[in-house]
Amino acid sequence: MNFFSKLYYKLRKMWKAIQLYLVIAGPGIVVMVADNDAGGITTYAATGAKYGYHLIWFLLVLIPVAYYVQEMTVRLGAVTKRGLAEAIFDGFGATWGWYALIDLMLVNWLTLVTEFIGMTAALHIFGVPPWLTVTGVVLLMAIIVLNGRYWTWEKIALLFCALNLIYIPAAFMIHPSASDIVKDGLVPNFPGGFNGQLFFFLMANIGTTIAPWMLFFQQSAVVDKGMQEKDIPWGKFDTLIGSALTVVVAIFIVIVTGTTLNGSDIDSAGRAAEHLMQTDRYVGTFMAIGLFDAGLLGAICISLASSWAFGEIFGWAHSLNQNIKQAPWFYASYFFALITAGLVVLIPGAPLVLITLFVQVIAVTLLPAVLVFLILLLNDRLTMGDYRNSVWQNLVGGFVVASIVTLSSLYGISVMFPNLFQ
Amino acid sequence: MRSSLKRLSRKIAEISQRYREPRIEMSRAVRAALQFLRFYLLFLVCLMVYKFILLLN
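Protein chains in written order, with our numbering: chain R, 1 to 422; chain Y, 1 to 57.
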């Protein structure tokens, strides 16, 4: 009897913990899965097609990198109850604040363009013209955000996150060789040696896993959700699950294109889906659906990240819990970014694939600037108290900044001296 | 249109005024390092844009 009562007590406690997690869960998973956006899917598809399984180990390294970077925003948001843009303005003054805000706006808008590129490419496979995709997406997103509640929006976003897992069955359907994945993918190696193209792909892969908009988005989402200091452990757990999930999905995409399209000249997820349609209709369809879902999820989050940041700084009402009458500027900036980004895709002859890959690289190049501010804010004893960064957290943060700057510099050198790394 | 732009510039000036004094004190070296990082990253972005244009042509 004693055993059963103890078991019942333990199960009840566990169930309560799960219930609590389900209440807190959201920002971490949404931001990390949304990070596998259209640009991300394109980058992973191109990585698999170009290097096969050889860069899977590098993606695994990105799990702790993404976690350590993003969990800082959970602590900062829960303790200060303000978004990152406002925290930077307050902590470092207007000059640095404007720099961070303009940087964010530019990169976010460019990334938003890549989301529309992905979505139009995905639906083009099913014969949907780009103008119809852009119009449909804008309308759908209007319906999602205008319901006037953060919670509803988050649950819808989580649904789209679940659809992101479509690449996992797709990978199993093409029967990849497990031994090849372990042999080629899990042993650190640099296929083809150090050259400009490898630097570019490594940077693009980092850029799809951690991006400036994610920092701003997660912190604002933590604030909008009303998370408190006591919720930080669950917020961190949420971020950890999201980090693992995003990389797992990325690895499965690399496996799909690395198995079926290895060595072929694939530079976009849309083209990868088209090629896959010829070999396996279902896998091609899964790839296209996943690409559309990724673009939609990315667009939802990125446009929100910009609107939140603008609202914080300009003092506008900026919550999803407010309707369009209460927060007109919040929604106006949201739709302005969305519509203008959608229109770029409709420009005839625009180099959409090239734009997608370069946006990832530019985003990661600008990331250290924001990351340094974030680390400095997390070291502010006065504000953060017990939640400030530990030495270990600072070391990891510093290492990430140094790695990105080094990689960006190497790519920069390879641009200036193309023959140096051959 | 003109009055909207005026309102916007007034708002920007007001924000700049409100956050004129940084709350976190930074030493001159940290400030210089941040400034250097900012220009260096912008330089790298310019290089990438240059490469983009090269590939485009």
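Derived by calculation from the structure, the hints in this document are not laboratory data. Owing to the predicted nature of the structure, the values given are computational and were not obtained by experimental measurement. Glycine included, every Cβ here is placed at the ideal spot set by N, Cα and C. It is possible that some hints are incorrect.
[To be verified] Subject to a maximum C-alpha distance of 30 angstroms in a straight line, what follows is the list of computed DSBU-like cross-link-like pairs (lysine-lysine):
(1) R:Lys183 <-> R:Lys16
(2) Y:Lys51 <-> R:Lys325
(3) R:Lys81 <-> R:Lys10
(4) R:Lys16 <-> R:Lys6
(5) R:Lys81 <-> Y:Lys11
(6) R:Lys325 <-> Y:Lys6
(7) R:Lys13 <-> R:Lys236
(8) R:Lys81 <-> R:Lys183
(9) R:Lys183 <-> R:Lys10
(10) R:Lys10 <-> R:Lys325
(11) R:Lys155 <-> R:Lys230
(12) R:Lys225 <-> Y:Lys51
[Said to hold, decoys possible] Not everything, but these chain Y residues come out facing chain R in the computed CB check (under 10 angstroms):
(13) Leu5
(14) Gln17
(15) Arg28
(16) Tyr40
(17) Phe52
[To be verified] DEER-style ranges, computed between Cβ atoms:
(18) Y:Leu56 <-> R:Leu140: 29 to 37 angstroms
(19) Y:Arg28 <-> R:Lys183: 34 to 42 angstroms
(20) Y:Leu37 <-> R:Tyr8: 33 to 41 angstroms
(21) Y:Arg20 <-> R:Met384: 21 to 29 angstroms
(22) R:Leu146 <-> Y:Val30: 41 to 49 angstroms
(23) R:Arg82 <-> Y:Leu37: 30 to 38 angstroms
Requested in this report: Compare the distance between the alpha carbons of lysine 325 of chain R and lysine 6 of chain Y with 30 angstroms, and conclude whether the hinted pair is satisfied.
Outcome: Roughly 23 angstroms separates the two Cα atoms, so the pair holds.
Query raised in the report: Do the alpha carbons of lysine 10 of chain R and lysine 325 of chain R lie within 30 angstroms of each other, as the hint requires?
Result: 48 angstroms, violated
Report task. Would you check whether tyrosine 40 of chain Y satisfies its interface hint, that is, whether its CB is within less than 10 angstroms of any CB in chain R? Result -> 8 angstroms, holds
Query raised in the report: Quick one, are lysine 81 of chain R and lysine 11 of chain Y close enough, alpha carbons at most 30 angstroms?
Result: This hinted pair holds, its Cα atoms lying about 23 angstroms apart.
Requested in this report: Check the following: the C-beta atoms of arginine 82 of chain R and leucine 37 of chain Y are separated by a distance inside 30 to 38 angstroms.
Outcome: With a Cβ separation near 24 angstroms, arginine 82 of chain R and leucine 37 of chain Y fall outside 30 to 38 angstroms, so the hint is violated.
Query - Status of the glutamine 17 of chain Y interface restraint (C-beta, 10 angstroms, chain R) - result: 8 angstroms, holds
**Report entry** Agreement of lysine 155 of chain R and lysine 230 of chain R with the hint, judged by alpha carbon distance not exceeding 30 angstroms
**Finding:** 22 angstroms, holds
Query raised in the report: Can the restraint linking lysine 183 of chain R and lysine 10 of chain R be considered satisfied, given a maximum Cα separation of 30 angstroms?
Result: Given that 30 angstroms is the threshold and the Cα spacing comes to 42 angstroms, the pair is violated.
Report task. Can you let me know if the beta-carbon spacing of arginine 20 of chain Y and methionine 384 of chain R is within 21 to 29 angstroms? Result -> 23 angstroms, holds
Requested in this report: Could you grab the alpha-carbon distance between lysine 81 of chain R and lysine 183 of chain R and see if it respects the 30 angstroms cut-off?
Outcome: Not OK: lysine 81 of chain R and lysine 183 of chain R at ~47 angstroms, beyond 30 angstroms, violated.
Query raised in the report: Taking the least C-beta to C-beta distance, is leucine 5 of chain Y closer than 10 angstroms to chain R?
Result: 15 angstroms, violated
Query - Given hint lysine 6 of chain R paired with lysine 16 of chain R - CA-CA distance at most 30 angstroms - result: 15 angstroms, holds
When held up to the earlier numbered hints, the structure conflicts with 1, 2, 3, 8, 9, 10, 12, 13, 15, 19, 20 and 23 and fits the remainder.
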